[in-house]
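Q: The chain contents come next:
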Amino acid sequence: EAQVTQNPRYLITVTGKKLTVTCSQNMNHEYMSWYRQDPGLGLRQIYYSMNVEVTDKGDVPEGYKVSRKEKRNFPLILESPSPNQTSLYFCASSLGLVGSNQPQHFGDGTRLSIL
Amino acid sequence: RKEVEQDPGPFNVPEGATVAFNCTYSNSASQSFFWYRQDCRKEPKLLMSVYSSGNEDGRFTAQLNRASQYISLLIRDSKLSDSATYLCVVNLRDDKIIFGKGTRLHILP
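Protein chains in written order, with this note's numbering: chain L, 4 to 118; chain B, 281 to 389.
Be aware that one or more of the hints could be misleading.
Once the Cα atoms are required to be at most 27 Å apart in a straight line, the calculated DSSO-like pairs of lysine-lysine come out as [what the hints assert, rightly or not]:
hint : chain 1 : residue 1 : chain 2 : residue 2
1    : B       : Lys376    : B       : Lys282
2    : L       : Lys21     : L       : Lys68
3    : L       : Lys20     : L       : Lys60
4    : L       : Lys68     : B       : Lys322
5    : B       : Lys322    : B       : Lys282
6    : B       : Lys359    : L       : Lys74
7    : L       : Lys74     : B       : Lys322
8    : L       : Lys60     : B       : Lys322
9    : B       : Lys376    : B       : Lys325
10   : L       : Lys74     : L       : Lys21
11   : B       : Lys282    : B       : Lys325
12   : L       : Lys60     : B       : Lys282
13   : B       : Lys376    : L       : Lys60
14   : L       : Lys72     : B       : Lys376
15   : L       : Lys74     : L       : Lys60
16   : B       : Lys359    : B       : Lys325
17   : B       : Lys325    : L       : Lys68
18   : B       : Lys359    : L       : Lys68
19   : B       : Lys282    : L       : Lys74
20   : L       : Lys21     : L       : Lys72
21   : L       : Lys60     : B       : Lys359
22   : L       : Lys20     : L       : Lys68
23   : L       : Lys21     : B       : Lys322
Bear in mind the hints are in silico, worked out from the structure with no lab data behind them. In this text, all values refer to a predicted model and were calculated from it rather than measured experimentally.
I would like the entire structure built from these sequences, with the hints used as guidance.
A: Written out as structure tokens, the structure is:
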């Protein structure tokens, strides 16, 4: 089954403790992206990747890191999480550049709470 | 002007009615347009792409008006299961995609 898989689905942790949210897709998609969704602010892009070893900042990259060593995986790293990073996070992927009219496929989401 | 703008709603509509909402975008060079549906605390799911000639999928019709820079979504014969938040998505350039904040729709029995 074609899917985007995020882990964990839920995480409660404390300020400053490094964490990684994994994202994997099995559709051989080139484009992958991370979003956070907060009430009243909608979905905001954190980072995206157009292909292996190619990553770029989205609208809200501060406090986050990503890597794209393999095509299928695009982990999101919070080196020193803070309470303002408490949010619902989505990973997404698409076949090619979004200009090619390819829609994005989303993972189930990860709900992070930073205490 | 915001890059992508939607009326947040909520739209409270009786079952069986027709409902329509628009989404405006600011960049005239925008290339790709989509409507996504998002249920509470769930991931967004593609509802339909929006093509220049307009397109229809069952009870759903999407249209693009490039001159006025908006896309629209029409839902006919609305069902209770149509209750959700509808997100407008616009590609601003090849590597940039913007989500609207969504329009909440409540279908009332």
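Q: Among all the numbered hints in the text so far, which are the ones the structure does not match?
A: 6, 18, 19 and 21
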